[in-house]
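Once you've looked at the hints, dock chain B against the given chain A.
Protein chains: 2
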Amino acid sequence: MSFDSTIHAKAVQLAKLTYEITGAAGSGHPSTGASLVHLVGVLMYQHMRYEPTNPLHPAADRLVLSEGHAVPVIYAACADLGVRYGTDKDSLKPLTLDVAKTLREIDSPIDGHPNPIEGFPFFDTATGSLGQGLSSAAGIALAARLDGFDKRVFCIIGDGESREGQIWEAIDFMKDHDLKAVCPIFNCNAFAQTREVSPQQDWETTAKKLEAAGFNALVIDGHKGSDIANALAEHAKSINPDAKPVAIVAKTVKGWGAASQQGNGHHGTAAKGDALESVLEELDATEVKLGAIADTPLKIAMMSPRPTRDQVAAAKPLPFEQAMKAFGQDKALESGKFATRKAYGVALRAIGHAYPEVVALDADVNNSTFSGQFVHDDKLGERFFECRIAEQNMFSVAAGLAAGGKTPFCSTFAKFVTRGYDQIEMAINSGCQLKIAGSHAGITLGADGPSQMALPDVAWFSSFATMTHNATGKPGFYVLTPSDAYSAYALTCAAAEHEGSVYLRTLRPETEFLYSPEEEFKLGGHNVLMEGSDILIIASGYMVHEVNTALEALDDHHIEPTIVDLYSLPYDEDAILDLANECHGLVLTVEDNYGNGIGAHIASTVAASGDGFTVEQMFVNKIPKSGKTQDDLLKYCGLSSDDIAKKAITMMDALPV
Amino acid sequence: MSFDSTIHAKAVQLAKLTYEITGAAGSGHPSTGASLVHLVGVLMYQHMRYEPTNPLHPAADRLVLSEGHAVPVIYAACADLGVRYGTDKDSLKPLTLDVAKTLREIDSPIDGHPNPIEGFPFFDTATGSLGQGLSSAAGIALAARLDGFDKRVFCIIGDGESREGQIWEAIDFMKDHDLKAVCPIFNCNAFAQTREVSPQQDWETTAKKLEAAGFNALVIDGHKGSDIANALAEHAKSINPDAKPVAIVAKTVKGWGAASQQGNGHHGTAAKGDALESVLEELDATEVKLGAIADTPLKIAMMSPRPTRDQVAAAKPLPFEQAMKAFGQDKALESGKFATRKAYGVALRAIGHAYPEVVALDADVNNSTFSGQFVHDDKLGERFFECRIAEQNMFSVAAGLAAGGKTPFCSTFAKFVTRGYDQIEMAINSGCQLKIAGSHAGITLGADGPSQMALPDVAWFSSFATMTHNATGKPGFYVLTPSDAYSAYALTCAAAEHEGSVYLRTLRPETEFLYSPEEEFKLGGHNVLMEGSDILIIASGYMVHEVNTALEALDDHHIEPTIVDLYSLPYDEDAILDLANECHGLVLTVEDNYGNGIGAHIASTVAASGDGFTVEQMFVNKIPKSGKTQDDLLKYCGLSSDDIAKKAITMMDALPV
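Chains as they are written, first to last, in the working numbering: chain A, 1 to 657; chain B, 1 to 657.
There could be a bad hint or two in this list.
Identical chains blur together in the list; that is why a pair holds if it fits in one copy or across any two.
[Said to hold, decoys possible] Simulated crosslink set (BS3-like; lysine-lysine; CA at most 30 Å straight-line):
| id | residue 1 | residue 2 |
| --- | --- | --- |
| 1 | Lys474 | Lys622 |
| 2 | Lys89 | Lys622 |
| 3 | Lys93 | Lys635 |
| 4 | Lys646 | Lys622 |
The set of hints was computed from the structure by calculation and includes no laboratory data.
The structure displayed is predicted, hence computed values, not measured ones.
The following block holds chain A by itself, in its conformation from the complex (with noise of 0.2 Å):
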């Protein structure tokens, strides 16, 4: 009994320490915090292996708080055991209690959900966005995995929470890769913000869900702290090569020891004043009722590192030309056409080769994005993580993987990107950076309509291309739409490269090759295709092939335009205003989605330029529909080279002689 009596004594600290810290605050959620106090206790302080001292150890368990509204209970045992915290890896500070009681504050390193860029490195992740932690947690133990490390992952979950689909993928995705290294446990307190959880989320559900998953679900009493200890050793024992997957479902209380903070109306609410003070009264209560005494003293035990696998070292990737030949593409590249989502399969094979950190995810769609380049090779394929149909999933995995030093590409249809937007900007709020390719992107991918087109994939990711990341100072996305396979490759390369998260755009249809091989690419360039003086038509991806073809139309009204391949968002804005000025100020910008997009960016050039320049944008403004080939859907939308032609005529003729 005494380990039970010594977990509730440390239960009861915990959570008067979480209504203090979040009673200073004046909010925060901690009735759920009160509800973990005892599997906080237990991992914590006992089970789990790490250096309070050195939160980054790289084979420290590490612990994904996906509730993460229940951080204030993490602040609390960090102020207790001084878990280290800064922003700076080489001077981190003890957590105090002072410190703690900050919470919230604009200056403060901790924030109201778990944010490590803000100087908390015990997460990995930022948490909060509910449904994602589980996923985090899978990569955090591939990465592991891969390094050599034999570190388990613990992830707190809530039963509302459990509600989110993306938990199941998760679990699916363990089962797949066998990552019995995760340690997942259900937080079953009953009750979600509005009211008490659905059914279909207590805890008997939950298990039986979880037994149908393939998973041996431990039901324990969530404030008993031998019962945990239990469960956890359990699932230690579970890594062994034949047992089943463990997970952990436990019984808890919401706003445990403090019955005036218990049932519905209490999720996000922090006593304060008077009402602080009854709430430690009662704890205190609760520690008299319970016996609580701390007599089992508790050691937290660093595990010893084992060794890491032979480091390799990095090198650099082929050129494309040798690339293309090496992976068995030379007929291609004499036809002179090649789709850049295949120059992107065969980038990403050339830098798996060189970058060792470098790992590959796609989502069942690897024979069309062409991430199955790197998925087929022998020496690559134990670094490619098959998501199947779960894109929300494979994004947060791939954070987890990148908070475990990996370099994530992530690929599937751009259109099926959507799926992981919310994830991806936890990933970019984490400070982790993802390489992500989209393929069959825009309207030209033809055949299969609408449901398969990215179409507003532009203005979401160059939204972040409007921002400076807090960790990099680079862009927090740089969108890349390269138009033909030198570019699309030099690009891989450089995303590979690049300190910071990247989308790159690629295109189902084969284009032509429009560079040589001496040509350079970087993030946030450009290039100039042809110089005129007329007008500046801008445009990126298969658009530029388009308005190539408009040239013989605007040659026969005498139209010599400068054309633009912007490749890039962000770009360089005063290369692009002296290419205007030299056309008199008249830009055209042409692109394959819908619009507040390159026009957009253009426009906000020139706008805040005062240069007093004209754009005038094309772009996709309507819903496309099937049909059989670009040329078809480009005429459709208004996007054809006819088109193209005809409006940079207009814009000519409408100019005062």
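Frame of chain A, contents of chain B only:
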């Protein structure tokens, strides 16, 4: 045996047609279709109650093909049965085999994936982005229940597709809402695009998962007519109050009937020419081998429509102040302050009373979004659907409700709306009109930190503001960010009346009233709060108040700005240009989200005009964090009234004298 034999004959016929149609198209997914031939045979020729000549009949059973790529087999059946199609509902024509063979052509009414807006009303919602159909089916069934129709909704789900967590969100939702009229049919053909499905998605595990979720999973041979008919009859029986819900798990063969089309490598490939001939021969041989003879008449019976509930006539919603009083908000009215999210709640309740087709959905945060006003109103509660923490499902359910003639208002934090962006786009593609209220938008959310803040949302939704919806001629989305309770109320009412989709960003903080009952607000509108002549400052939402606060500092510098509350995107471009013109073409935009929002739209307007105006933009340009007050956050992100004043003064100073 004769029913089985008859269905075999029908199956062979449908398989042949499927290959012929996709062969003519040169692309498509016939092998998936072939796995469904018996299911489609029994469903569409015998079991479903509908009229091929009137697929829109309100009492008819519906079919949702969640695995949209299998659609050619449905077109095959429709061509055989003469199911009517067309965009003009008053003059539908029977589908013929010739028209079916135009599959995927730019002028064809039948797209590569189900696409009702192109003129195939047999389907209610567009599918093809996987995992969404079961949720849509649930929405269709909810609408039917509200209208008093006892129709059933059959939903065919791919096994690979069932990896999407949204499928399981839908299963939980159906259980919560006792939606036994939906019949989920899992097509377990064991192959996904790249390879075999995961063991986590095999028929056995799928059945276990369904049982765990409280369903009676009927595992059947999907190529045996009598098995299928029995299972469907079992489902029909389950609709009585005491029975467990039924789901069908059909074991099928991908590429059934033609061995050359089975196994890996036959996902998205259409047999052409000789290959097609040989597949057709294989199918003939299968027919012979099975002794398939159509010796039993199949008959489709239209269910006689049950009387619908009495129609309630629409009224006008109460004016704001009356609604405030009617719903117990007198005090707030006197206080002069009321959060826009609260005004949304009051408006939702008012329009709920006025318009019987208005329904509301929320994802466990109705006490934050204030849709709780609707939930707890005795007269409205039955039109509210709690979706729990599962946003993807919520938006697809809403699409189904819209397809069923309802006007769904969905609310959750604007940040969590992101979870459903792909579902929202599919709703738009379906011609379903969603009204979405994203609360706690922008950085003024404050203490909870960036995991709860919507920041690239304006960029994404307003990308749809640049396009015109094919079906309505209206913008794909109106993006509305009201600044006070009067405007929030009026715009929610306007959203209810609008024929199209609306995204309303509401704010957490209490904001002062800026308007009076006389003021008018409309989609596409804006409001001139102050007319000056020095600089045009354009803002929305909370930033309007911050601009107002900056006035004092501007006044000190003798700067008289024009201030525009640009609560709508899109907006009246000419009017904005006129206002800019009156301010010497000097424009400053201010918004509480990442860039590519209001500023980019204004820049686009200005740059297209050729007027030579200057637009400078202020927006959130780094990742925010927790902070206790709005002011903390605004300062942190460089968007305080001081920052705004400084920027305006700098712009004025830079003007040529």
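We went through each hint and held it up to the structure:
no.	hint	result
1	Lys474 <-> Lys622	between (34 Å within a copy, 10 Å between copies)
2	Lys89 <-> Lys622	between (50 Å within a copy, 21 Å between copies)
3	Lys93 <-> Lys635	between (62 Å within a copy, 27 Å between copies)
4	Lys646 <-> Lys622	within (19 Å within a copy, 41 Å between copies)
Hint violations for this structure: none, all hints satisfied.
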